[in-house]
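Peer 1: If you want the building blocks of each chain, they are given just below.
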Amino acid sequence: MPAADRPSKPMSHASEYSDASDESLVRQAQQGDTQAFEELVFRHRDKVYSRAFSMMRNETEALELSQEAWIKAWQRLEQFQGESSFATWITRIVINICLDAMRRNKRLHAESIEQLAEESGGVERLLPPTQVDMLAGLERAELRARIEAGLAQLSHAHRTVLILHEFEGLEYKECAKRMGCSIGTIMSRLFYARRRLAALLADLKETRKP
Amino acid sequence: MTHETQLKLQAWLDGELPASDAREVLRLVERDPDAAALARELKLTRQWLAAGETLRPVPESREFYWAQIARYLPPRESATLAVRLIAFDWRRWLAWLAPAAAALILLGVWLLPRLAPPQSAAARAPEIETPGEELGTFTFRSDTEQMTVVWVNAR
Numbered sequence: 001m002p003a004a005d006r007p008s009k010p011m012s013h014a015s016e017y018s019d020a021s022d023e024s025l026v027r028q029a030q031q032g033d034t035q036a037f038e039e040l041v042f043r044h045r046d047k048v049y050s051r052a053f054s055m056m057r058n059e060t061e062a063l064e065l066s067q068e069a070w071i072k073a074w075q076r077l078e079q080f081q082g083e084s085s086f087a088t089w090i091t092r093i094v095i096n097i098c099l100d101a102m103r104r105n106k107r108l109h110a111e112s113i114e115q116l117a118e119e120s121g122g123v124e125r126l127l128p129p130t131q132v133d134m135l136a137g138l139e140r141a142e143l144r145a146r147i148e149a150g151l152a153q154l155s156h157a158h159r160t161v162l163i164l165h166e167f168e169g170l171e172y173k174e175c176a177k178r179m180g181c182s183i184g185t186i187m188s189r190l191f192y193a194r195r196r197l198a199a200l201l202a203d204l205k206e207t208r209k210p
Numbered sequence: 001m002t003h004e005t006q007l008k009l010q011a012w013l014d015g016e017l018p019a020s021d022a023r024e025v026l027r028l029v030e031r032d033p034d035a036a037a038l039a040r041e042l043k044l045t046r047q048w049l050a051a052g053e054t055l056r057p058v059p060e061s062r063e064f065y066w067a068q069i070a071r072y073l074p075p076r077e078s079a080t081l082a083v084r085l086i087a088f089d090w091r092r093w094l095a096w097l098a099p100a101a102a103a104l105i106l107l108g109v110w111l112l113p114r115l116a117p118p119q120s121a122a123a124r125a126p127e128i129e130t131p132g133e134e135l136g137t138f139t140f141r142s143d144t145e146q147m148t149v150v151w152v153n154a155r
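So the protein sequences, as listed, match chains A and B. 1 is the number of the first residue of the first sequence in the working numbering; add one for each residue after it. 1 is the number of the first residue of the second sequence in the working numbering; add one for each residue after it.
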């Protein structure tokens, strides 16, 4: 019997919600319990918002799109059968919503100059590759902050391909499907984005030297 | 190194290159220092990104964030009903309902004058009348007084 079909005992106390697993909260929410859904929102809202912010780089848009993702999740909750974790499921929903928003605003297409750079491998292609791990020895939080600063300087198209491939672990084919382009374009964008990120982080290291 | 080779090198690192091409790329990395350097850089970027993204807290209180979501959540039963209503093919029923309604209206228009009770002669003509010459009778009806007076006059 799938997890979603198993009947669950209604929760009555606030502590029952906070102590419950994601799976049992999902089952409760599938039966119409909004308090269980609220607990799920509370647990995963920062992750969902962070992913929306990583993609959109705008606080207001990230807030609106993350909330839209939760509303869509409630509407589609009956489709969630527990094949993946709830966190993975809701993250995929917010990614799709952000991709739709970027498509509407035509942000998924690389700028003409970037497109040319992508096709030829970019100026970065000609630069000698970075041989020193400039982020070695950094604390995880500092490492993330540097990467964040580097990602912020990439275009939407290049940042998105890195997020889908590196953070979400999607294969080229799946990235292409979601971004609505060819596998060849994904490979070029990924290459350009990685080399650009390496160059940006190297610059960042140089400018921060005392 | 051509751009195509660079992309192959990247695909090899990402585990997306067929085994036959993978052997070729491996040989390239072993003998070409530029290819080896590029492979190292691409590996580095993968390592950095493996640290994941910065977790940003939602810049609103739990209650406010939830309230904005909650106002758009339809009740679970209504959501199911809404899905059923969407699935219901209204157009199929309208194709029957529209002609049926038109036929009913026409029938009503035709039947209405026939079903209405006939108005009484008195109501229609509240005037003096003489039913027969030999009887010498007068009938008078007053609608305002709600009264009928029959005067019989023997000749």
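Keep in mind the hints are simulated off the structure, nothing from the lab. One should not assume that every hint holds.
[To be verified] From the structure, some residues in chain B lie toward chain A, with a derived Cβ separation under 7 Å:
| # | residue |
| --- | --- |
| 1 | L17 |
| 2 | T45 |
| 3 | E63 |
| 4 | W66 |
If you're wondering where the values come from, they're calculated on a predicted model, not measured in any experiment. Each residue gets a CB set at the ideal place from its N, CA and C atoms; glycine is no exception.
Peer 1: Each hint should be assessed against the structure and marked as holding or not.
Peer 2: Against the structure, the hints come out as follows:
1. L17: Violated. Min distance 10 Å.
2. T45: T45(B) check passes; min Cβ-Cβ to chain A is 4 Å, inside 7 Å.
3. E63: violated, 10 Å
4. W66: This hint holds: W66(B) lies near chain A, its Cβ roughly 5 Å from the closest one there, short of 7 Å.
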